[in-house]
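According to the numbering used here, the sequence shown holds residues 1 to 493 in order.
Since the hints were made in silico from the structure, they are not lab data.
Treat the hints with care, as some may be off.
Cut-off 20 Å, straight-line C-alpha distance, at most; resulting in silico cross-link-like pairs (SDA-like, lysine to any residue) [said to hold, decoys possible]:
1) Lys485 / Ala268
2) Lys485 / Ala341
3) Lys485 / Arg332
4) Lys485 / Ala328
5) Lys485 / Ala138
6) Lys485 / Gly334
7) Lys485 / Ala277
8) Lys485 / Phe267
9) Lys485 / Val333
10) Lys485 / Thr337
11) Lys485 / Val329
12) Lys485 / Leu344
13) Lys485 / Leu474
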Amino acid sequence: MSALVTPTTAAPVRGRWGGLAVLSAALLVVVMDMTVLNVALPDLTEDLHAGALAQLWIVDVYALVLAGLLIPLSALADRWGRRRMLLVGFAIFTLASLAALVADSAGDVIAVRAVLGIGGAMIMPATLSLIRALFPDARERAFALGLWAATAAVGGAIGPIVGGALLTGFSWHAAFLVNVPFMVVALIAGALLLPESRSERPGRVDALGVLLSVGGMITAVYGVKHLGKGDLDAATLLMLAAGIALLAAFVLRCLRQDEPMLAVRLFANPVFSAGVATALVSSTVVTVLLFVGSQWLQLVQGWTPIVTGVALLPMALGGLVGPPLAPAVAARVGARTVIVAGLLVLAAGMLVLWLLPRPMPYGGLALALLLVGFGGAALGLASALIMGAAPAHQAGSAAAVEEMSYEVGGVIGIAVLGSLAGVVYRQGLPSGAPDAAVESVTGALGTSVEPAALASYTDAFAAVGLAGAVITLLVAALVWWQLPKDVDVSGGH
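Working from the sequences, and respecting the hints, build out all of it.
Structure representation (structure tokens):
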């Protein structure tokens, strides 16, 4: 008897692919929501007069809340039911998206994004845990996770296109409202097609552990955000230190418990930890490329939101090929070889940005997007290794860690690499530039420093490419050293 799915709720073979379609659709909406916002951000910023810090919070608060709540909500789903948690998450996501209709300030939008983060924290780990339940066969599960990763790539591309089309005729509010019909359909289909799934040995959900994990994650990420902005004051360093201390206390608490809320001992498995490192760096690179790239296309190239969305499509094209193909190739040459090769392709895509001539041609950016999307094969296989390396009863913990890696990687991408872009941009401005131009490239439009500002933002985009390439290459070397040569997609040998 499986420790993941109770005998009365095991998924019938004929229903597995329908269930995967529901779970992939949920992922599509969540990822699409993040990339729609990238395209809508300039209009939203202008309408609400949001400053640079407010813009960062609008983008980051979703991942911040989601990352903070992943651990306790995953542990709760193990007890309460993953299908039930998923459906409640769908409902919350729907209601929060509707609430955007009445948002008329940057603070309102930040609040809406925070509630969306709560819904996302219910949806994302339950999705991976249910894939584990639907596909007990390791190779079949790896293919399913490849399709899951490809869906993420498609969502990243569809989001800007849908957002651009909506912004052509509607206000930025439409970037949130587009979620509603998709989530309503997912809610109904999920109730009909998905089996219930619970762990027979769920971890403890203790109040102190919740406080330590949520407080530590939010505080640490907040510190990283401000450190990335160059805020080296005592308050920022104190927040960062407090976050690290709280997370360390949470880890120690889990190590002392027989059935902890998060199975941190999974990190002792080199297959699991290598998969987490791969997911983390992949998310970091993809997020910052979409974020900075969409701003560059609109502000430097002067393209409309819908044209910008179409221009980002090469990433989806690469993502449609790489992740689904990876399991079959891994069966022939080994999972380690395919994951490291995917990371190298990812790094090559980012390096292209640094090597392009100035002014930067779009053809070069399209190549970079295509390579990064194709390199997403590493993320799909990493997810298979993470879920396969964990015992069945710890699938919730494995899913929480995988999603936490993805979301924290997104925060790091925006907070650190996005802030690096800001530093390089400001250094390239002429002396005496207006304060509005120093704060953001949007403020430089229509001023005497506009040509210099646009050129400087292009240099900043290229610098992000170089930094992303270096980080990815370092992780590729770590994964090659850490993963056993004969590891397979089940996380075993």
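So, going through the hints one by one against the coordinates:
1. Restraint check: the Cα-Cα separation between lysine 485 and alanine 268 comes to about 18 Å, which is no more than 20 Å; the hinted pair holds.
2. For the hint pairing lysine 485 with alanine 341, the CA-to-CA distance comes to about 14 Å; that is within 20 Å, so the pair holds.
3. Taking the CA atoms of lysine 485 and arginine 332, the gap is near 13 Å; set against the 20 Å cutoff, the hint holds.
4. For a cut-off of 20 Å, the pair hint linking lysine 485 to alanine 328 stands: about 17 Å separates their Cα positions.
5. Straight-line distance between C-alpha atoms of lysine 485 and alanine 138 comes to about 18 Å, which keeps the hinted pair within the 20 Å bound.
6. For the hint linking lysine 485 to glycine 334, the alpha-carbon distance of about 7 Å falls within 20 Å, and the restraint holds.
7. With a CA separation close to 17 Å, the supplied pair lysine 485 and alanine 277 stays within the 20 Å bound.
8. In summary, the hint linking lysine 485 to phenylalanine 267 is supported, as the alpha carbons are separated by about 19 Å, within the 20 Å threshold.
9. A C-alpha spacing of about 10 Å is found between lysine 485 and valine 333, which places the hinted pair at or below 20 Å, so the restraint holds.
10. Of the pairs offered as hints, the one joining lysine 485 and threonine 337 holds, with about 8 Å between alpha carbons and a cut-off of 20 Å not exceeded.
11. A C-alpha spacing of about 15 Å is found between lysine 485 and valine 329, which places the hinted pair at or below 20 Å, so the restraint holds.
12. Restraint check for lysine 485 and leucine 344: the C-alpha separation of about 17 Å stays at or below 20 Å, so the hint holds.
13. Between lysine 485 and leucine 474 the alpha-carbon distance is near 18 Å, which keeps this suggested pair within the 20 Å criterion.
Of the hints listed earlier, there is not a single one the structure fails to meet.
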